[in-house]
Structures are given as structure tokens and as C-alpha cells.
Amino acid sequence: MAGKTLYDKLWDAHVVREDENGTALLYIDRQLVHEVTSPQAFEGLRLANRKPWRTNATLATADHNVPTTGLEHGITDPVAKLQVETLDKNCKEFDIVEFGMGDKRQGIVHVMGPEQGATLPGMTVVCGDSHTSTHGAFGALAHGIGTSEVEHVLATQCLIQKKSKNMLVEVKGDLNPGVTAKDVVLAIIGEIGTAGGTGYAIEFAGGAIRSLSVEGRMTVCNMAIEAGARSGMIAVDDKTIEYFKDRPFAPKGDLWDRAVEAWQDLHSDQDAKFDRVVSLDARTIQPQVTWGTSPEMVVAINDKVPDPSQESDPVKIEGMKAALAYMGLQANTPISEISVDKVFIGSCTNSRIEDLRAAAVVAKGRKVSSGIKQALVVPGSGLVKAQAEQEGLNKIFEDAGFEWREPGCSMCLAMNADRLEPQERCASTSNRNFEGRQGKDGRTHLVSPAMAAAAAIAGHFVNIDNL
Amino acid sequence: MKAFSTVEGIVTPMDRANVDTDAIIPKQFLKSIKRSGFGPNLFDEWRYLDLGEPDSDNSGRPLNRDFVLNQARYQGSNILLARDNFGCGSSREHAPWALEDYGFRVLIAPSFADIFFNNSFKNGLLPIVLAEDIVDQLFSEVESIEGYRLKIDLAKQIITKPNEEEIPFEVDAFRKHCLLKGLDDIGLTLEHISDIKNYESRRKADAPWLF
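Residue numbers (this note's numbering), protein chains in the order written: chain C, 169 to 635; chain A, 41 to 251.
FYI, nobody ran anything at the bench for these hints, they're computed from the structure. Be aware that one or more of the hints could be misleading.
[Unchecked claim] Straight-line alpha carbon distances no greater than 25 Å define the calculated BS3-like cross-link-like pairs of lysine-lysine that follow: (1) Lys260/C with Lys272/C; (2) Lys74/A with Lys330/C; (3) Lys172/C with Lys340/C; (4) Lys420/C with Lys244/A; (5) Lys333/C with Lys216/A; (6) Lys74/A with Lys249/C; (7) Lys172/C with Lys42/A; (8) Lys196/A with Lys489/C; (9) Lys331/C with Lys244/A; (10) Lys244/A with Lys413/C; (11) Lys237/A with Lys331/C; (12) Lys216/A with Lys331/C; (13) Lys221/A with Lys257/C; (14) Lys177/C with Lys216/A; (15) Lys331/C with Lys221/A; (16) Lys260/C with Lys216/A; (17) Lys177/C with Lys244/A; (18) Lys196/A with Lys219/C; (19) Lys219/C with Lys237/A; (20) Lys244/A with Lys535/C; (21) Lys272/C with Lys472/C; (22) Lys237/A with Lys330/C; (23) Lys563/C with Lys541/C.
Okay, chain C solo, but in the shape it has when bound (with noise of 0.2 Å):
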């Protein structure tokens, strides 16, 4: 009989039972809740007279609607505020343990769970939100599930699930200097494409995967969903188990011991069966930057915007030129000379320390170019943003002219005040460069933290050499 692969391993330790045509009842370890996604769930829970199956599963945040400045005047947008009230009580109501505005410990889901130490190896792990592939990174089953899914968790501990197809994708060879996590995600996304991962559960392997760290592998996770997965994965290994020694949820003493020899089993078996294996060259890989208006549209720093007569699908074509109508692009432009008004460095994905060091060294002692009209940083988390203040990187973005400002999801998606006006173009750290996305008719470009400090200081896209 074959071996396993990761994702095997965590189904069949968490399958309840599974009927004859494969519906499986799926145990979940650890639910992650925050304002937008929990409402109806609840609400639905109150109307069937439900209880929560286990509250100390369940932990929350407040991350999506939170103004990122001005906290003393608290939410004003009485339809935003509502809803994180909504949650501060419903999280009273069913007993569960949340970290509301105000409180250190608040802040971006994806960022707040693995600092707590509040998701682990081997566990299962969803949230109402699509980058919960994020927590992957630690050899965890984690993806988004939809409201319904919320509730259903909350009320059963347990998702009606059908197995997804193993995909292994391998990053090999040594990374280029410059070359960050984001950048190997974007590249990844570049070559299977949006859909490509549509029906798998894929475990980011090979050297240049293996060489990044917990924190760049949540990054590589946290966009699996961009490449179509709900889930993405990456095998235990020390640094796993070394980030989560001391977190506060984290097992201590005795059982800590015991759940480190567990986790050593948290990789794929050598003679595992993946239905399907893509591998990339790291060598490959250069620093990346999206041109359109989906993550797969995504070139490297030093090409040009692709070209759509060079295309033979005509569904293929009708995308390109609506993408590049959209974004206000001509094709063949090298991406070097794309100017851009706004700057966002934060979301799940470039959210932490790491990516706030990154940023920070790319703008020391720099000044942001007199054409950026905004220039945002903003923490993952309230521990996030004080470590940062303690390194004094506050203090080099702002000297450079950033905005420093509290955690949330911000331009990530635009829910609070901090977006794009019609037409601005941004350099943004975040996931998804969706039409409308940071705001009506914005334009959005990913890049990495570096690449987006980098824009901000050149006031265009530039390889950081030639800064």
C-alpha cells in the first residue's frame, strides 16, 4: 500500500465517519470567528435554540470593519460598528473567549491565531474566511468555510466534507537574494493559474519552501486559495515546532513533549501518491508584481505587461484586454515604469514582524517619492505592532513619511475607511487585486513588503538593486 501524504494523515486522524459515497463528518480543532462571517451563524444558533458544542474551541477577534487610526473615537461607521458589537455580544452570550478592540492581543485573524498559539500542528482549523489556508503552514488542515459552515461548526464541532485530491507543488533549489515568500506564492499562482488548485488540497514542499520561515510559509499558505485550494500545507519541522514553544494556547510541560513526538509524523510518507505534481526552479523565480485584476496575472519586476494579441484563447484574450482596460495599462509597458499613488503594507498575508523588518529595511533612512499620495503600515496584530515599536521600526516608516497605524484588515479589502478612490493605483501587500477590491475602480498591484517599501520610496515599481 502507497504511503501518505500530509493532507491523508490529517483527514483520517480527524474523519468522525463516512458514508459509502465518500461524505465524510470532519472533526474540527479549532474554529476561528470574527465580525463578518459570524452574525447570521449565530443568529441561526439563537432561532434553533442551539448551544455551541465546545466553546473553547472557538476563539475570536474583531479584524475586518476596525478603524486603523483614531481608535479613541472608536468605530463611526454605525453600520461597521454594529456588526463588531454584534460580535463582542454574541461572543458574551455563547461564552467564548474574544479579543476585542482595545485589547493587545487583537488583530488579524490569520496573524492572531498562530501568535496565541491558539492553532497548531495537526490540528484542523477553519474560519469564516477564505485565507485560513494560511494556518497550513504548520501542518495543519485548514481552509474557509462559508456562514453556514460557521454555524455548523459552532453547533456540532464538525464539517460535512467530501475528501479533496492531493496536489504536491515543489519549489526547488536555492531562492534568489531578494526573493521573498510572496514572491515564490505569486509565482506559483503565475504558473498553475487561479483554477489550478480547484479540487486539492496542495503541500507546498522542495529546498526554497523548506528554507523559509514559519512566517513566510504562512504567507505561501495564506495564498493557496488564490491558486483555487481551500487548503495548503507545509510538513513540520523544527522551526515549526520551535516557533511555538511558550505561545500562550500552546501545550506546556509533559504534554508539550508528548504533542512534539506527535507532530514529527506530520509529513508526507516518501512513497506518498499525489494525483498531481508541479515543479517550479527557484533559480526561476524574480521579485513579482500583478498587472491585472486576478493574482495569476502576475509578471516578474523586470518584464513587461503581457501583450494580448500574443494569445490564442479568445476567453483568454476578452480577459486580458478587459483587465488591462481596467487597470489603465497599455500592454507591453515595462513594469518599471508603472507609477503608483498608494503604498498598503499589511493583511494575512504581509502582516507580521517579519514582513514589517522587510519593509522597514527597504525604507531606512529614505524618503517616500512627493507622488504617493498614501503611504500605509499596518500590523497584523496589537503584539505585532508593539514588537515592531519596540524594534523601532515605527520609527523608520515614519521618519520615511509612512502612515503607522493599528491592526486590522485595512486596505486589505477596503471594509473601513482606508481604500482606494477611482483610478489609484497601489502597491499592496495583500492578496487579491480584484476589480473593486481596495475600492470602486481601484487598482490593485501585489508585491511583496520590500517591493511595496520600495514603490513607495521610488514612486514606481523598481527592483530593489536599483533603488
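Since the structure of chain C is already known, use the hints to place chain A on it.
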């Protein structure tokens, strides 16, 4: 959830690939704490010329007359014909809520994004995957014949064209059963309480740090 049996109606063609959930229902409408009322803001940024807000009076807003939902021939439609990777992006269930609230009951495309696909079934929407060439053919027929209608019979898993030609489709047996009966997933799962409790006690012994 509304039970689903047979749907018959006008087909709206949405001729672009990778239609994402931000396009289906823009983020400002996600601030609602309700699960209804999203229909007037379905495809808001494509459908209207101004910026919609949750408290906007949609009846007075300027319409983008070129957008397919605003064309007279597609009014009252309950079947949406789409391209590859429909519903990609976020897990927001507001996307199927908005489609359902607008009046759609069936979505047809060569492929759907996983989370959206799953969310649709929970809300009485039937997403049907058909081969690319069949979808191409449907697009050309819908666009050339005004008032083009399809009939979808879930129990028989058959789509019937105006010329009586039949297209069979696949659907997962469990999802089909739930849709036909309008069943509540949670109620079904709670029939297995003892399985869940048995799993928990086994797991507690093997991995106590998870509890």
C-alpha cells in the same frame, strides 16, 4: 432552506471567466448582520454607475445599461450561465445569498470555486458543472434567441432545452438529497451525536493537548 425540485426560466449569460465574490457582492454590503436583502446589490459595481452603500436607495441609482442584468430581455431570470472558476475569491456566503435574493436558483458553468460551490448548496442554489463545449453552445443559443429558457429537473438530473434536447448533469448524491428535501445540515449531523462523542473520547486519549 427552500426545497428544490424543478426550475424553469430565462437564462442570463455572464460571459467572463473568474467572476469573483468581490464582484458578486462588494465588501461594503458585508457589514450587514442579516442574511437577506442582498439582491439589489448583486454585482453592484457592474450594475450601477455610482458607488453603492448599504443605506443607498437602489431604486434611484443610475444603471449601467450595458450590463447584462439590466437588459430587458433577461428580466425575471432565475438561471445564470457563467464561465470558468465562477465564485472565486473569498468565502463570503453573502455571494450565494445575493444571487438567491435576486432570484437565481440555478448556476451553470464549466467550473466553480470550491468554497462558493459548497456555500451555494447550503442556500437552495444548484450549481451545475457542464463541459466547456456544452457551455459554449448554451452561450451562443442564449445570446441569439431572445427569451431563451431552460428547464432543470434535479431529481432526474436533466436540463431540457427549448428544442426538447436533454443535457444530463452530475450532482453529489448527498447534496442532491439535501436540496430536494430542503434539509438542515445541522439537524442531520446531530443525528450522529454518539459518533462525535466517541471520536472525542478517542482523540482526548491520543492528543489531550487539543482539548
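Those earlier numbered hints the structure runs against, lowest number first:
2, 7, 8, 13, 14, 16, 18, 20 and 21
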